[in-house]
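There are 4 protein chains.
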Amino acid sequence: MIAIRDVRVILTAPMGRNLLVVKVETSEPGLYGWGCGTFTQRYQAVRSAVVDHLRPLVLGRDAGRVEELWRLMMFNGYWRNGPVLNNAVSAIDMALWDIKAKCAGMPLYDLWGGKLREAAAVYQHADGCDLAELSDHVRAQIEQGMRHVRIRFGGSAVGTRQSGEVGGLAYGGPTVAASVRPDGALDGAYYDPQMYMRSTLSAMEHVRVTFGNEVELLHDVHERLTPSDAIAFAKQLEPYRLFFLEDALSPEDLSWYGHMRHNTTTPQAVGELFNNPNEWLPLMANRWIDFVRMHVSQMGGLTPARKVATIAEAFGIRTAWHGPGDVSPIGHAANLHLNLVSSNFGVQELQPFTEITREVFPGCPEFRQGYFYPNDQPGIGVDVDEKLAEKYPCDPSVIQWTQARLPDGTLVKP
Amino acid sequence: MIAIRDVRVILTAPMGRNLLVVKVETSEPGLYGWGCGTFTQRYQAVRSAVVDHLRPLVLGRDAGRVEELWRLMMFNGYWRNGPVLNNAVSAIDMALWDIKAKCAGMPLYDLWGGKLREAAAVYQHADGCDLAELSDHVRAQIEQGMRHVRIRFGGSAVGTRQSGEVGGLAYGGPTVAASVRPDGALDGAYYDPQMYMRSTLSAMEHVRVTFGNEVELLHDVHERLTPSDAIAFAKQLEPYRLFFLEDALSPEDLSWYGHMRHNTTTPQAVGELFNNPNEWLPLMANRWIDFVRMHVSQMGGLTPARKVATIAEAFGIRTAWHGPGDVSPIGHAANLHLNLVSSNFGVQELQPFTEITREVFPGCPEFRQGYFYPNDQPGIGVDVDEKLAEKYPCDPSVIQWTQARLPDGTLVKP
Amino acid sequence: MIAIRDVRVILTAPMGRNLLVVKVETSEPGLYGWGCGTFTQRYQAVRSAVVDHLRPLVLGRDAGRVEELWRLMMFNGYWRNGPVLNNAVSAIDMALWDIKAKCAGMPLYDLWGGKLREAAAVYQHADGCDLAELSDHVRAQIEQGMRHVRIRFGGSAVGTRQSGEVGGLAYGGPTVAASVRPDGALDGAYYDPQMYMRSTLSAMEHVRVTFGNEVELLHDVHERLTPSDAIAFAKQLEPYRLFFLEDALSPEDLSWYGHMRHNTTTPQAVGELFNNPNEWLPLMANRWIDFVRMHVSQMGGLTPARKVATIAEAFGIRTAWHGPGDVSPIGHAANLHLNLVSSNFGVQELQPFTEITREVFPGCPEFRQGYFYPNDQPGIGVDVDEKLAEKYPCDPSVIQWTQARLPDGTLVKP
Amino acid sequence: MIAIRDVRVILTAPMGRNLLVVKVETSEPGLYGWGCGTFTQRYQAVRSAVVDHLRPLVLGRDAGRVEELWRLMMFNGYWRNGPVLNNAVSAIDMALWDIKAKCAGMPLYDLWGGKLREAAAVYQHADGCDLAELSDHVRAQIEQGMRHVRIRFGGSAVGTRQSGEVGGLAYGGPTVAASVRPDGALDGAYYDPQMYMRSTLSAMEHVRVTFGNEVELLHDVHERLTPSDAIAFAKQLEPYRLFFLEDALSPEDLSWYGHMRHNTTTPQAVGELFNNPNEWLPLMANRWIDFVRMHVSQMGGLTPARKVATIAEAFGIRTAWHGPGDVSPIGHAANLHLNLVSSNFGVQELQPFTEITREVFPGCPEFRQGYFYPNDQPGIGVDVDEKLAEKYPCDPSVIQWTQARLPDGTLVKP
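Residue numbers (this note's numbering), protein chains in the order written: chain Y, -16 to 397; chain B, -16 to 397; chain U, -16 to 397; chain D, -16 to 397.
Be careful, since some hints might not be right.
Where chains are identical, the list cannot tell them apart; a pair therefore holds if satisfied intra-copy or between any two copies.
To be verified - In silico DSS-like links for lysine-lysine, alpha-carbon gap of 30 Å or less:
1. K396 - K98
2. K98 - K83
3. K6 - K370
4. K396 - K6
5. K396 - K83
6. K374 - K6
7. K290 - K83
8. K370 - K83
9. K370 - K98
10. K98 - K374
11. K98 - K218
12. K83 - K6
13. K98 - K6
14. K290 - K98
15. K290 - K396
16. K218 - K6
Hints are computed from structural coordinates only; laboratory data are not their basis.
Excised from the complex, chain Y in its bound form:
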């Protein structure tokens, strides 16, 4: 038996975002695994969950019993299916799969049954504050070989994340003019759903006219519309033939997807916020969505993600795992292994790695001509330069998401 000898948390932020990875060391000298448990906004709570709660539970146990340990970690706190604990479980679960594949001397995709494709098609974001800038960004991506582009118009980043900070720009649109706000409204990132929908529709038309039908267009609503607006918006988008519309509805409104399905053929992708089987299973069993795109560490790691990929396959649904900047390269590589072995792979979101990130995480998958390639090393294939990681400490002040508000000041889901 190969026993778990230690579980250590490494916090590092080489790309400016707080990443949390875990090293599981075994009784076998030199045999260890890495897993991702990054929940940027609440990374200290995840760290505590790993160090204070899971580590004492798994020390000394058989590292080869991955499914048993997943169940033990998941059920042993009694309450479960939430983001902090799921990320903690994921970090260890992913590391155990890394160890398992290293024991077998195989890349993880090989352990799981072998590749169905050589590489995974990816998409990135193209945004712009005006149509010219947007076109430039789309063109740049196409010239890079990208065949899928996610369009965002009229705004900047999703929002600032400074602790206690209430300003910043809302996702997908310029700040709402102060003149239309009621007197005394609180500070925040003001956001007008109607303005957002109108400007996005015009941007989408512009991109289709400019670039034709060869490129696949994606768009992310980021769960900020009411259900009735979201369904109407999805239907209005039909002429632009989206590859998918992402997160049109928030996790609290999922049952509206039945009405979405009956009203529009715009393909629906959803899942980055999901932590609970009651979020994903009914959507799949009813065939109300077209793509599952969970954040693998948020759903509890590779063990449940592989199962969801299998269930999705049976129900005719494709995968598009969440791949933002707050997934570590270990998490991105894990996504890639899933992508290579699932017949129902759709597309992969990808935030490109910086040079520094590649140094901190040797073995990062490679991006070429619109595809993401594994490195064919045993296991997940990515290591961590722990010394170097320490040079990029996490910033405890960067833990808050946007405070998005409607024109009248209502705080909305982010």
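Assemble chains B, U and D onto chain Y, guided by the hints.
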């Protein structure tokens, strides 16, 4: 504006179970509130979530905007609806309601519209290793004035909770004989679902025969049966006219409640494990259950609990909030305020307070003749003797739930 | 790359039943895998499918790409999802998993994530022509350590299988008296559904009274009742608390399981005849059954079986893979690997191996005290003594199933 | 009683495609029947099923009991409802109907109740690599009198079928440029679903504009789209008023037809791949499709096909039986008999016969001005020149279907 000046976590274990309560201090001298965020098995992660993540978010904000702050705390981490963060949010949310009612100079029930009843009927557990012992315990409760008794037979406590410990007794039955286990099976708390169902049915019959129909009988499955066993068991229990059957199905199997409803009239109570609206809303909208019994801090505090009580009322469902030993007296008092103002109140679980607990938490509600009474003080009505609380520190080694195993060694949900 | 160098079919009948296993040889000297594709009644057609159709398709391809090869074999004939081709695909698919695990140096259960239990609980058949004989057989099994017994009353074996032969006894009951048949009715195995149901109910009561509640009772309808009889029968069986009722409905009547679910809590197990996802997926997605029990080679091998186990787990359904005498020891060992890694394992049917079978198939799993144990060798763990296998050639005359008839002579499903 | 004296398989390929027909000889000198059991890609396995398994079962039995023999053949292998066995059963079943009608001295349509129409409207394929070529082919068909034309654009045949061959062209579009494939992707017939949909929509618009609304247009997706693409595509086709859209979804995705129905009025025809009642019955009972178009030999012969036509009539659904080049003239004539007697006949696919085919199969139905006419001979009306048939032997190397791949190399359903 009354601003939030500080948020402090108090950890204490006067009853032997690790409790987590939060004190929210305001800019108004002497004005503060208390809230419960107890998640015994993962209390360190909750502590981190409050101190590292929520505290910097709420400091300086208007303590009177309870719903706005609830939304801010809930949505600001982006990922949500899980046990660690919900407990953290609950602790502050409950404290803000305490402050609000103190500002009004009213008990919380009064602020919320006034009492519909003077006190709340409660139930406790009666267990026994044989039928004689069980009868003695039931009789003792009836003599105390209880009109509802929860029956548990053949076992002891739900399980030990020592870190890394794999032994202990499983809930609801004696350890399975080693002779029926496979060779080499791991140590743990062995549990035989068939033996459990048979012995519980015979116990229930014994209690009905012995005590007649005047007493209401309850039973808690504790989510340990497969769906098909749970439904058959509920149907077999019909002759004993249960007040309700608790947690017959696990959170991952909730859609089976539709089949439960079509097969039996045994009333179903469920919810102590719920953290996510996708767990409770479909059950209520389909009228598949009879009682909601969430753990208020696990669902995110009084703000969502009041809403669920309102929705349940609309759908003809009653409340029976979770009230075990790992809810602090502040949480128990909060449950009581909910019970007093809901027309659809059903019954309240109660773990009686020890003398020491009453000293650490001055203002504990009073139990008399089967009822639980509030103390009519402003706010929630319970305070904390912080000095005394320190004398009962939490035990970091007590963080693991039972490792329950089937006869063949399979680790099951706890 | 490890290439497929040859694919050879071995036909052997050491237990008297025609078995078909396939050896996949690779470019790596000494590295080969074994798979089971036994379809006793139609083994020559399976042999042709492997030799004439699949062998030329897979020769020279990468043995490590198991999922890709499964898809290629399954889709390359265009028409698919039937018993002959599925068995042919299964034989190669299973051999490829054997090879994969041997490459990893792990037993298959370890490759797949590690054991969740040490061994799998099994059941066998106890039958009898009268109640005394039945009791003797049940007692013998309990004394062997069995905790699950499948009861069959009043008849002998499922039927003779001689080519062109139309006599023999029908499953589950004595031949119907000639006096109640119409004049001129054809020869065959006459069967009276009402007599069968009555005698089975009385046998089940007798066994429960005689042996008490400690033993789990199972029963197999073998798809021979009309839907309305099957549902009424399942409900009448409720007092005897079956572990499950097997194949109450035929594959052509599956939609009746919705009505079954609403009428009885007798657990339903079904699947040994399934070849097509449209048979199993709706039953699972609707939660209309309690156990899936497909014949792994009939559904296309380990690749789809693992997926079904995963889907079943998500929907709260357990596994009870088909394990009759016409599964080779390689197939039985493959079932066992599935059983060890699935959290939702229920029970395993097992036909004990004879001494000769163990010699022909060295490495057979061991049976002890009601459990079936793997041998912990890399891969599936069972080999074939090809020389010895030749000494037990298949009997081409034994290819027909019973001709079961109703009292009026109607030929019914077998 | 007229007994079955022999069952012989004839393999012949006068049109270049491997055909399998069966001759059932009877005890009556000169009385025999012909049936089609063609499964081109797996014809050897069908041959074995007939010769090794069904022949010994039916020899000596009463040839007049067609339904009894169908049941015997279908259920006697126990496992059933798959393509190899269904084709084997079909060949004998069709021959028995041929014998029955010959005994009655009637054409089959007459035995079945008489003609509802004189001839059956047919459609053929018009394809083209550019719009001009496509228009030429459509025009040629209209000039021949066809009122229904199936449109295929931008590609050639469905694919090559050489054993082990991995190249060839994918159905419905030119090969995907190598530049958009990932490095190292396997060889195969690359296929881009988006390119296919775009080019087909433009072709359909072109044909409608060029030829007006008098001609009925059909299109075959050939099960190669994901469900969400298929539904969107069907909706986008609405302006071109298709007579039907064929096989928009694969057999594994049939439950998506419910969503299809709610999203578009484009009529849906499906069934050529069906082998199992669980594929066709729910689609009809839910009225989710508009045309059933099973391959009669793949579903088990005329006995089940007539029943499906009857059920379809009850549910308001029309027939359009599969009639490609890999149906023998005997099978085509059988389709025609079905068409003549069903009130709910829709249209018939037809691959025109070559001169040589007409010589090998004397009695082929005649095609004139868009209609297919029977020859009014007793029975099915088509014979086989067995000597001549031998001159066109089947090619054992032609047994594989296209290896269609997505741009990233994923092997897709054919």
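Violations among the numbered hints: Those not satisfied are hints 9, 10, 11 and 16.
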